[in-house]
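Given these sequences and hints, build the entire structure.
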Amino acid sequence: MSVVAKATYFWRSAAVGLRHSPFVHFIAVTTIAIALFSAGMARGAARVLDNLLASLGGEVEVTVYLSPEMGEDEVHGMRTRVEEVSAGQVTVVPPDAALTRLRTELGDLGDALAELPENPLPATLELRVPPEKRNPAALQALAKDLRAMPGVSGVDYGEAAVERLTAIARALRFGSLVAFVVVLGATVIIVAATLQLAIYARRGEIEIQKLVGATDRFVKAPFLLEGLLQGLMGAGVALLGLWAFGHVLGPTLGQLFAFLLGPGVGAAWVEPRLALELVGAGCGLGLGGSFVAVGRFLRV
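When we follow the UniProt record's numbering, the leftmost residue of the sequence shown carries the number 1, and every step to the right adds one.
Heads up, some of the hints might be wrong.
Claimed, not checked - Cβ-Cβ distance ranges computed for the label pairs, FRET-style:
#1 Thr104 <-> Ala244: 43 to 49 Å
#2 Arg164 <-> Ile189: 35 to 41 Å
#3 Tyr200 <-> Leu177: 48 to 54 Å
Hint data in this document are derived by calculation from the structure and do not stem from the laboratory. For clarity, every value in this text was computed on a predicted model and none was experimentally measured. Note that CB positions come from ideal geometry on N, CA and C, so glycine has one too.
What follows is the structure, given as structure tokens:
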């Protein structure tokens with residue numbers, strides 16, 4: 001039998017197997033679709049989380065408090081040095097501007113500051129941290145370098161808030177990874193179990209093939225293709241579900257939470273790269289489940 005004839009027979013046999021046991025394969029396809037849909041939702045949630053971290057990270061500012069006795073020229077010289085050390089954008093806040101800002105933030109209570117005999121606030125430098133230094137370790141090292149500069153009386157960057165936000169993001173990613181591994185294992189087991197039922201239903205055909213001299217690979221190939229087809233159909237259903245979710249609920253979520261999570265909420269949930277990844281994962285799940293089923297049941 002030629003290669004083309006074998007390939008034609010394998011695909012036709014796999015299609016016949018799907019048609020003869022529709023309910024069994026429906027369970028397998030549904031399981032794969034649920035697993036891939038969950039993975040796609042987790043990817044979308046991770047993107048939203050990254051947008052949240054980026055938006056909050058963009059608000060991370062390091063405030064450098066300078067000594068009160070520094071003159072205007074010394075303050076601007078300090079600004080240049082801080083920009084060189086941090087590679088960020090530095091804004092000088094003179095004492096008068098700092099006092100005005102404080103009065104505005106205090107509201108009605110700010111009128112009490114007008115009774116002060118002199119301005120107690122020093123000049124400050126507000127540093128907008130570049131993206132690569134918005135993690136706790138980099139911010140801590142930067143704050144240490146800034147405190148060591150002459151003329152700096154204090155440095156504040158909201159250390160506790162940054163560390164807490166980073167810890168939450170790390171925990172969410174780890175939890176998503178653990179959940180994905182569990183769902184992946186459960187999916188392979190369910191797909192393997194459903195294919196074992198399909199194999200059992202065709203045990204007579206398999207026995208005849210073995211009696212006439214069919215090789216182990218020849219017997220296994222149609223079932224492996226069945227698993228591959230299951231994976232492709234499951235990926236298609238998952239992508240359709242993600243597309244529907246993005247078009248039905250995506251705009252609503254984008255409008256509700258755009259102020260906090262940024263524009264990533266309303267963005268397309270099905271991207272070309274994600275589609276390719278889900279199709280590949282679906283094929284892998286289908287082939288993995290069918291391989292396990294064939295290996296355990298046929299014993300060939």
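Tested hints:
The hint said 43 to 49 Å for the Cβ distance between Thr104 and Ala244, and at roughly 48 Å that hint holds. A C-beta distance of roughly 38 Å is found between Arg164 and Ile189, which places it inside the suggested range of 35 to 41 Å. Between Tyr200 and Leu177 the beta carbon distance is about 35 Å. The supplied range of 48 to 54 Å is therefore violated.
Of the hints listed earlier, the one the structure fails to meet is number 3.
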